[in-house]
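Residue numbers (my numbering), protein chains in the order written: chain A, 1 to 333; chain B, 1 to 333; chain C, 1 to 333; chain D, 1 to 333; chain E, 1 to 333; chain F, 1 to 333.
Keep in mind the hints are simulated off the structure, nothing from the lab.
Note that the Cβ used here is the ideal one computed from N, Cα and C, for glycine as well.
Each hint should be verified, as a subset may be incorrect.
Stated by the list, open to error - Chain D stretches covered by chain F per the calculated footprint, using a threshold of three residues with CB under 8 Å from any CB of chain F:
hint : segment
1    : 95-101
2    : 142-154
What the hints assert, rightly or not - Only pairs whose alpha carbons sit at most 25 Å apart, straight line, appear in this in silico BS3-like list of lysine-lysine:
hint : chain 1 : residue 1 : chain 2 : residue 2
3    : E       : Lys106    : B       : Lys106
4    : B       : Lys106    : E       : Lys2
5    : A       : Lys106    : D       : Lys106
6    : C       : Lys106    : B       : Lys2
7    : F       : Lys302    : E       : Lys219
8    : B       : Lys106    : C       : Lys106
9    : A       : Lys76     : A       : Lys225
10   : A       : Lys106    : D       : Lys2
11   : B       : Lys225    : B       : Lys241
12   : A       : Lys219    : B       : Lys302
13   : D       : Lys106    : F       : Lys2
14   : E       : Lys225    : E       : Lys164
15   : D       : Lys106    : F       : Lys106
16   : D       : Lys302    : C       : Lys219
17   : E       : Lys106    : C       : Lys2
18   : A       : Lys2      : F       : Lys106
19   : C       : Lys219    : D       : Lys219
20   : C       : Lys241    : C       : Lys226
21   : E       : Lys219    : F       : Lys219
22   : A       : Lys302    : B       : Lys219
Unchecked claim - Chain C regions said to be covered by chain D (calculated; three or more residues, Cβ under 8 Å):
hint : segment
23   : 192-202
24   : 218-227
25   : 262-271
26   : 279-293
Protein chains: 6
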Amino acid sequence: MKTNPISPTIPLDQDGIHHGFLRLPYSRDDSAWGSIMIPLTVIKNGDGPTALLTGANHGDEYEGPVALQELTVTLKPEDITGRVIIVPAFNYPAFRAGLRTSPIDKGNMNRSFPGRPDGTPTEKIADYFQRTLLPMADIAVDFHSGGKTLDFVPFAAAHILDDKTLEAACFAAMAAFNAPYSVQLLEIDNVGMYDTAVEDMGKVLVSTELGGGGSATAKSIAIAKKGLRNVLIHAGILNGKMQIDPTVRLDMPDGDCFVFAQEDGLHEPMVDLGETVSEGDIVARIWPVDRTGLAPTELRAKRSGILISRHFPGMIKAGDSTAVVGAIVDEVP
Amino acid sequence: MKTNPISPTIPLDQDGIHHGFLRLPYSRDDSAWGSIMIPLTVIKNGDGPTALLTGANHGDEYEGPVALQELTVTLKPEDITGRVIIVPAFNYPAFRAGLRTSPIDKGNMNRSFPGRPDGTPTEKIADYFQRTLLPMADIAVDFHSGGKTLDFVPFAAAHILDDKTLEAACFAAMAAFNAPYSVQLLEIDNVGMYDTAVEDMGKVLVSTELGGGGSATAKSIAIAKKGLRNVLIHAGILNGKMQIDPTVRLDMPDGDCFVFAQEDGLHEPMVDLGETVSEGDIVARIWPVDRTGLAPTELRAKRSGILISRHFPGMIKAGDSTAVVGAIVDEVP
Amino acid sequence: MKTNPISPTIPLDQDGIHHGFLRLPYSRDDSAWGSIMIPLTVIKNGDGPTALLTGANHGDEYEGPVALQELTVTLKPEDITGRVIIVPAFNYPAFRAGLRTSPIDKGNMNRSFPGRPDGTPTEKIADYFQRTLLPMADIAVDFHSGGKTLDFVPFAAAHILDDKTLEAACFAAMAAFNAPYSVQLLEIDNVGMYDTAVEDMGKVLVSTELGGGGSATAKSIAIAKKGLRNVLIHAGILNGKMQIDPTVRLDMPDGDCFVFAQEDGLHEPMVDLGETVSEGDIVARIWPVDRTGLAPTELRAKRSGILISRHFPGMIKAGDSTAVVGAIVDEVP
Amino acid sequence: MKTNPISPTIPLDQDGIHHGFLRLPYSRDDSAWGSIMIPLTVIKNGDGPTALLTGANHGDEYEGPVALQELTVTLKPEDITGRVIIVPAFNYPAFRAGLRTSPIDKGNMNRSFPGRPDGTPTEKIADYFQRTLLPMADIAVDFHSGGKTLDFVPFAAAHILDDKTLEAACFAAMAAFNAPYSVQLLEIDNVGMYDTAVEDMGKVLVSTELGGGGSATAKSIAIAKKGLRNVLIHAGILNGKMQIDPTVRLDMPDGDCFVFAQEDGLHEPMVDLGETVSEGDIVARIWPVDRTGLAPTELRAKRSGILISRHFPGMIKAGDSTAVVGAIVDEVP
Amino acid sequence: MKTNPISPTIPLDQDGIHHGFLRLPYSRDDSAWGSIMIPLTVIKNGDGPTALLTGANHGDEYEGPVALQELTVTLKPEDITGRVIIVPAFNYPAFRAGLRTSPIDKGNMNRSFPGRPDGTPTEKIADYFQRTLLPMADIAVDFHSGGKTLDFVPFAAAHILDDKTLEAACFAAMAAFNAPYSVQLLEIDNVGMYDTAVEDMGKVLVSTELGGGGSATAKSIAIAKKGLRNVLIHAGILNGKMQIDPTVRLDMPDGDCFVFAQEDGLHEPMVDLGETVSEGDIVARIWPVDRTGLAPTELRAKRSGILISRHFPGMIKAGDSTAVVGAIVDEVP
Amino acid sequence: MKTNPISPTIPLDQDGIHHGFLRLPYSRDDSAWGSIMIPLTVIKNGDGPTALLTGANHGDEYEGPVALQELTVTLKPEDITGRVIIVPAFNYPAFRAGLRTSPIDKGNMNRSFPGRPDGTPTEKIADYFQRTLLPMADIAVDFHSGGKTLDFVPFAAAHILDDKTLEAACFAAMAAFNAPYSVQLLEIDNVGMYDTAVEDMGKVLVSTELGGGGSATAKSIAIAKKGLRNVLIHAGILNGKMQIDPTVRLDMPDGDCFVFAQEDGLHEPMVDLGETVSEGDIVARIWPVDRTGLAPTELRAKRSGILISRHFPGMIKAGDSTAVVGAIVDEVP
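Go ahead and model the full structure; you've got the sequences and the hints to work with.
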């Protein structure tokens, strides 16, 4: 296997706090000898577990980058035992462009693993995580939200895994993150996901969906900050006491959770996030955009539960996921 | 003055309900003999006042278009006395593109009045309203929201005017609209606004800001629908009883309401819409996007009140309005 | 009035043949001290009338440019008495881009007259024709076709004018051009047209529509070449005998000639150019593009006659002229 | 081999008529959980052969989509024995964009076979046909025309194959299609073609070139409709009697059929489609676009025959196929 | 005349040093309530003359912005008597885009005076200088270079003016700037220039051309820094002794100085900047880009002198200024 | 291995001089049956060595294309013994676009070897050189410069190779080229380079960096022309005597030669090309672009030597190579 061209400008294994970059050489029309400079902070104090913390896996999701930027300023080496590696903008070109995928190669970071050292920039970043950073980690937190085109009730998630010991560790970490909602996911198609890369290496992963619309609120960012702190305590890296609030546990058992649009139009949501839905309820309507006086198309829920995700923009396209209805497992007070 | 090239494909003054278009000839590279077809519904029953109802004055604001599309389907001639002219997408090219301004000429409809019959498409539409549709109207409702880049607490608004009789009529119509918030506005620079065109003709205007982010919710759309119905009843066009809920009356007395960013970066809101703010509070922080370990810039409120508007996207640019703090006048139960 | 910045690189009034350019200074991002170089040929021999011959008034219409390029190579000073000014690409930036309008300023040359010496490049070219070239001319031929989005039966056209002497001269020149069809036009909105500029100066104008689709055929180019030669003979500039073939004279009496689309879709023409149409016939159908199993919309002729123009591309947009039905005046054998 | 992510929204094997979509999940910047919805109709009645009918293999070719859309409306289950699978827009993203290739991945569908289930959208569609739809078929009709940049005399085509039994079946189906011209093709480079995929599976294929220029005429669409009906009768699926008109059989024996441009310029065709050409004849000329007074470059036929294809746009580029001269085999009355 | 919407965020008339912005409200699709923030420094100490210093009048010219940024850091109030107003990026949107003109409105700042308060952003900036900043100034320095498409020998320039007293003051300031070359310019078309606006108000102006190619060198920046310091001393604002080196005085007497290309191609300069040229010398050749084996076009000097400007990019277009030959007036040791 | 679709329009092995093209079929939206026509000249006279001469490996580097275009006009078969194959624009699509990489596929020719016959156009060209042209050659000259984003002191280069016999031959050819500087390079990552392809086949290679900025000067072109002539004489193909001037031999021993920017900003070079630098010297500064009054970031040399390369544009981005300091080996008088 070829050498990955990415090199860190700071040491990854020295005590103290270092701020720098992952430098990825990138020759292009507007810079023959240019590079992509992915911001990176490494905080280390003695021996202990390593947490790998990432935001902007998709470049238009903001709770992670904000909470992680703050962590690079507030977390001190003396506060921890072990190591924290912080990459606030995993897919940095996508983050700078405010887009889900990289504007360079259209790469969706969460479908690019295990990556390639001689591939596109997105694939090179994936390969560097796969072969260099992930092997150093014991636990990983990867922040997601809905981005510009989806919105979610705020939840942390863990996957149902064949390795039940690892699954239990992941569920415990999700519980530690303690978002208002906690979702157990059975991925049907997990090829190329960062999640899969982490779990296949036997590491603990917490991922999240904390909001969406290409924005963040004081409230959603507070969830991210609390979750980060809790997970670092849970992992034995940070001292302190976790703050634990009630959470609702949800399940997405099958494809009937999803409601897809079959035409383009003006999107009228009929139910808001977190509201209760019964099978057969109209969750959204689609109005024509080019004429008046025509009845809208009605989209109905195929199961009962609560609305956990919705299409965000005012316009909708045929094939878009319009609504997702999740099933309540229980409420943890 | 030249003739405006726009022609309606339906009669504007016949009893009954007609659905059609305002046809604006528009020769261009991809259609030598093409036109812009702006959807239009006219509902008329006998003699009575005329309401002119418009959405998508800015093309990425959605409560108006949804509520008005529904009205073209649900309102029957026999329900009314007078006339209702409905244009769900005022700046139709902008609406189809999902943009604030027209992709053809970058025209901001709300800065294009009184328009020109031989100007750009946006100016031609403005001129058609100025010289043809507005003179037919007694009352106008123009829907706004924050669009893709701003978010608002939901309010109806009326302007402080020199003509106190008209002002009173406008305030009464705003009260009839009965959004959760009601805002009295003193426009400092009202040149080119549709509002000014309406008011200068001595007609009653209600405008709104009902949400934002380039999206709408079941809740914000319900405000629009209730407001529309109430205003039509208030105007004597529709029979029925208005639904009146509590509203908070707000004022934006001066420039200290506005907090502007002076640098580009990652936007961290510290207060959410509708929350109380004291002078000197940090309302937002701006983090660097290209490196870690640097403290954020803090933006502070210059007055006390509640947060009525905020920058929406996760990224912010120098010069953007980050937050607006409004003053509470009173609460109407 | 300001001086027009355009200057010819060749003399306009010397005997012989000169090939050069109209140089229009044009400072821009990719050339700080650049110019637009509009190709120009002037052929002169002694005293006599001046013909001003232009192609690519719209930049995607090709019979004119081809026939005029050939004329710059084949016409010799000794063949003529008087002067021939040839500008094969009137809106040169549009011609180079293969577009109806200028890619620089979106200028439609045929809606830019009388132009402005300090306006956009399109307006500067119009002003140069208005104030410099047109005053030199006795007769003008301006070639049009349907461009990329329309197709026509091949015709020469002349306008119905208030000045009946000029009208007769124009009709005589149209007859000399002798295209397969000859159309008398009553322009309803002639503001900004080159035609109007020519006629308002009391000069004779022949314009044409010789085909379309952004292409030309051996057949349509032959019509242009024959027409050019005939008109130069008719004007007393070229010696020789005109070639006169049968022509059908057509009229477009009113707005009922036009059939407009009211929706976007897949365009199915039901009648071909030159075919006979009766009032009420389906001239085209529009199929949905996003689903199967739905009936098409039918567009019907509002008058009887022959199909003289049609929308060309396979896709159609709401507001596009789909078909034009002309009335046969008579056939000239 | 991985599972193809495309799923039909309707059953492929139930009696009756079903209209729906092939849904291809496609996550992208403007829809995180979006899909491509390819329209699909399946009509089935009992046991019998299956015909797979496709249009818009290249997205700017229109006879196929129009004729197939009509078939989804007019063909009834009771009219047939067997099954008809109709996909009017094979490369649906290209069709919606009016482009030869997909705007998403630049994929040329006819060079993308056998495709890949984890490739680009174009490759996923190809793989779905290769592994799911084609195995269901006995006969396939794939509609082509010249698209925006070529024009053809209308012909049906069949390939010269090593498997002479299959070749005979294909020639018989071409004869049943009965276009004005019928062409036997020896593909030199058939890698990646849909045709090859069909034939390699031992299925009968008819393909066509029915016109071009990114348009269609009433005449060319009628050829498509008649051909479709004839082929369904020929295949034993539809009852009825084929309509058979005279056809001219053509051959394209070698590379001398093609005339390529070696420079950019203004394109003057000297021969029209269907006209007779002798070796050495000038088939086209290329004029300079940036100056007058220069002789054109002449392009000459390298063999005698008739002109069966030409470059369509008014502008031509070095390397473009300017003209194709085919050899007449015989005329079938 | 309307009020200009630009407001400074710092005082313009207080002693001390203030760094801030000219804030220009600019509502647009990606920021409904956004602004353009033009960086600004004002340094003041007591009474005395005011110098107005500007860079990036054209946004791709860099000596000015660099030298002025340094001045905002190194110049102290206590060093001066009077006031220095520094705007390193006059056309700030153009500067941020690295383009000659504004990407917002294509505005060329040096052709936009006197501007308009309700015009495009470029016109608003011009109007603010015209009516607010320029009236405060006694002397102005406006930095230019060749930008991305031209290169110059480094010179300061002053105009030949009708007001000979002002002309003398300008020539004295140019001499104080003391670039390696000093050029006296007779502007033929000075409409819209900032220079004209300054001079028409009776203020002293020095402008420059210090290099080009969209780059700067240590050497060219040193010329800018020395010139700035000298001019501030000359104006009586800064204490100290001017550094005066030899300069060559040049003249550009007429249009024969300019050599224009008449065709597109690959640009071969045959003479370098500052070299001596005789009338009839080949100054550049243009090679075809699309074929080999053809002789180049030769461009010859129309007068003798030295090469003071050349086309910079490797490719050239018809109409580009290829070379400018200046006449040596004398050399000032 | 598949057949490469490229075919030459001229013979590669006949005596005399032939000008033509490498024709690469390229079907695309704007030409269904189009091709890329890469200009080519082959000059041959009897038996002898073959030189393969290439320019525009990167499309924005101009000394090579100019010198090679001249060679196609000036070199006569009777002047040589052997064969000279001249391709002035190796990556022809990039050259026509004035870009480093191909606008079609973003291919960097110098990272595309050995190419693929069924790959992108850039890969197809690489494969054609790899398998057809390079095997014919004994010596190759490949011209480079800095392109639009870098600038270099003019040098010829040869690689340090494992095969010391070949290395000596390459160093001898570099000495024959005799640029003002001669650089010995140890490539750390030579994967995909044309250089590697040539050397791995055991052929002699000279490459160059002769300037940059997307421009060329009379001086830098003269270096290219002299170098070409010298190498052809050195190779025994051309008769004559080499012109040998002094050269400075340089080495780039390790990564400390490179100085990278870590932030975006306005670029101030503090040292010019060819100047001496000591370890710790400031070679460049980066100023903020969005505010005044802030100190610049200083970039310092990590070793002593002379400045052999610099970032060219006035703006710089984080990750760009700002400066390269080379070590002087010796000066050859």
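Item to check | Hints the structure fails to honour | outcome: 14, 23
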